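Enquirer: Here are the chains, one letter per residue:
Number of protein chains: 2
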Amino acid sequence: MKREFVPPAARFAALPDPFTLRCGGTLTGARVAYETVGRLRPERDNAVLVLTGLSPDSHVASHPADPSPGWWEAMVGPGKPVDTDRWYVICLNALGSCKGSTGPASTDPATGEPYGPDFPELSLEDIADAAAHTVRALGIERLACVIGTSMGGMTALSLLARHPGLARTHLNICGAANSLPFATAIRSLQREAIRFDPQWNGGRYDARTYPHRGMLTARKLGMATYRSAREWDSRFGRARIAAERRTDGERFGPEFEVEAYLECHARKFAGRFDPNSYLHLSRCMDRFDLGESSGSTTAEALARIRLEKALAIGVETDILFPLRQQREIADGLGAGGTDAGFLALDSDEGHDAFLVDIDRFGTPVAKFLTTL
Amino acid sequence: MKREFVPPAARFAALPDPFTLRCGGTLTGARVAYETVGRLRPERDNAVLVLTGLSPDSHVASHPADPSPGWWEAMVGPGKPVDTDRWYVICLNALGSCKGSTGPASTDPATGEPYGPDFPELSLEDIADAAAHTVRALGIERLACVIGTSMGGMTALSLLARHPGLARTHLNICGAANSLPFATAIRSLQREAIRFDPQWNGGRYDARTYPHRGMLTARKLGMATYRSAREWDSRFGRARIAAERRTDGERFGPEFEVEAYLECHARKFAGRFDPNSYLHLSRCMDRFDLGESSGSTTAEALARIRLEKALAIGVETDILFPLRQQREIADGLGAGGTDAGFLALDSDEGHDAFLVDIDRFGTPVAKFLTTL
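Order-wise, the sequence lines are chains S and A. Note that the working numbering numbers the first sequence so that position 161 is 161, with each residue one more than the last. Note that the working numbering numbers the second sequence so that position 160 is 160, with each residue one more than the last.
Worth flagging that the hints you see were computed from the coordinates, not collected in a lab. Fair warning: this is a prediction, and the values are worked out from it, not measured in the lab. The reader is advised that the hints may include incorrect statements.
Calculated Cβ distances over 10 angstroms to all of chain S for the following chain A residues [unchecked claim]:
#	residue
1	25
2	166
3	307
4	360
5	370
Stretch by stretch, here's where chain S covers chain A in the computed footprint (C-beta under 8 angstroms, at least three residues) [said to hold, decoys possible]:
#	region
6	169–180
7	185–191
8	213–221
9	231–243
10	256–263
11	284–295
Here a beta-carbon is modelled for each residue, glycine too, at the ideal position from N, C-alpha and C.
Starting from the given sequences, assemble the full structure and let the hints guide the process.
Expert: Encoded structure:
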């Protein structure tokens, strides 16, 4: 993957060599890219781990080594809901991604070439284990909190189940203990868009033959399901693209502002994310099942996770990770003795609300962390 | 289009020659395929017109000339909610479709070849005008009722607005007075799947080079949005495709039952529908705006439609034609003096509920028609 996709302030934690994956494959010389914001207290008791959704990198917020805004800039920083005057925030790029952590675009030491289609089968459990290893490599035996958003909410549950005692508390934001069939259907179609782009070529492409077309469609479909119909009604309505801004002369091409919006956002993403990484992480989410992974029901697996306190937050308009999934997390953790809360936010912004509707998310996040 | 896609009992109404379309194009020798079920009374006062969604043909229900089950077999027939012992039901294939009515797959008399990419710009207003012409060609000056489902609910409103007095009453089922941006986004992505299939080739394909891949993806995305997440949770959950039924050895191919279900249903559709027809009808829906078409607001346009009685039925779980759109229809018609009702059904089957959840839909449809 091009060097430019690795955030400039990313640091790297080496994983055990070889790093054995759950499905049997191994990675040699693998690493996890991470950044930290704030200061670790000498007692090492103020570390908060942020596990991300599918696409973000480790640059969660600005800090002296990289003053550019991070992907959760409004949420993380001095005096912000995740207050870095108090907390030492660690954010890492998921194993298998392409923003500095080892993934399909990384060089396979065995061949000197990118892994590409030969990257081994990955699971969210592997991503969780790599995250736990990174935390410990930073000298932290016990996290004050694990915050997981979207896919990161799944990874967080896996980490908590597989590494008992590593965290005191947990904030699950628009996450889930497994994937539901509608989300799987959408992700399956996103993967089709990439797989059936002739340029994907079974995963063997280079910068010149990058499957741009498939990535655009995949991202657009993502956008259509990350936000909510209600938001778009008021935001776009039936506005048409102004004639002077219409560039696609092709028949049946975009005519409405909502189509231009999707195209514009997809262009920012496609070309800056490795398609093979996208396929792996997308499928990791479909396959994730905390219960199955623990050899039990979802409720039993959640009840076995012991925490001091937890909060699961969801959004009424989220169609990918619907509210019943965050309620299930809170109920399951609560049944195991954790002081677990559930909060449903009436935001118009759908699954992505945690990124944009800081008015609604900021207060409960701040309140949860303040009481720790 | 292959002859086999035309239902065996379809009859044909010739349109005025030439038939001028709203965007300026013309069709020569155009026709509309239709079927009738039941008997027209000598008073010619018991005709009910059914306007379909994007994909159905004219074979709405079995009748002596074609005893095979129709697409709405459970709803239309002797003693059924649309009781053909009383009503003379006319169902027609939309102009621009490929099931017997003139569309892009039809032969252009000017060239002797299929219109293909040269089919003129179509609108739902044209489809409505062709339907009105067909009704009058059958010797009917006043319909007892126009029933429109999905796209047909849009077409029906256009017909009622453009042909005052042609119908006494109206039953709008999962329809809308215009398209909302989420539905447009989904349809835009369906069109992309077809447009970017290399075999589409700008609309120039034949049976050998039919863009099967794009049609499959377009139909799957349709299915994912026609049904509801809630239904799929109970129907599929996280069930995996049994190993012996997994045929796609390709990496990142289907693993879950929900993916197999989409593939199976899409295969039934793709290859039996003309991609250019699909593109035209899909865009007709995006462009449809009853208010804009009438040079007024949606509410004003609806209020100008004068009917004795109307009912708009929607489904709680419909994400494409959400309930607020059927409420808008009822409110608008009511404001114009029509005795207009609105009914929200709590069905798990989403937009497609009217096709499958006859338990819920049958009673209100029967009740509405009985009181006419």
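Enquirer: All the hints need checking, so say for each whether the structure fits it.
Expert: Status of the hints after comparison with the structure:
no.	hint	result
1	25	13 angstroms, holds
2	166	27 angstroms, holds
3	307	25 angstroms, holds
4	360	21 angstroms, holds
5	370	35 angstroms, holds
6	169–180	holds (count 3)
7	185–191	holds (count 5)
8	213–221	holds (count 4)
9	231–243	holds (count 6)
10	256–263	holds (count 5)
11	284–295	holds (count 4)
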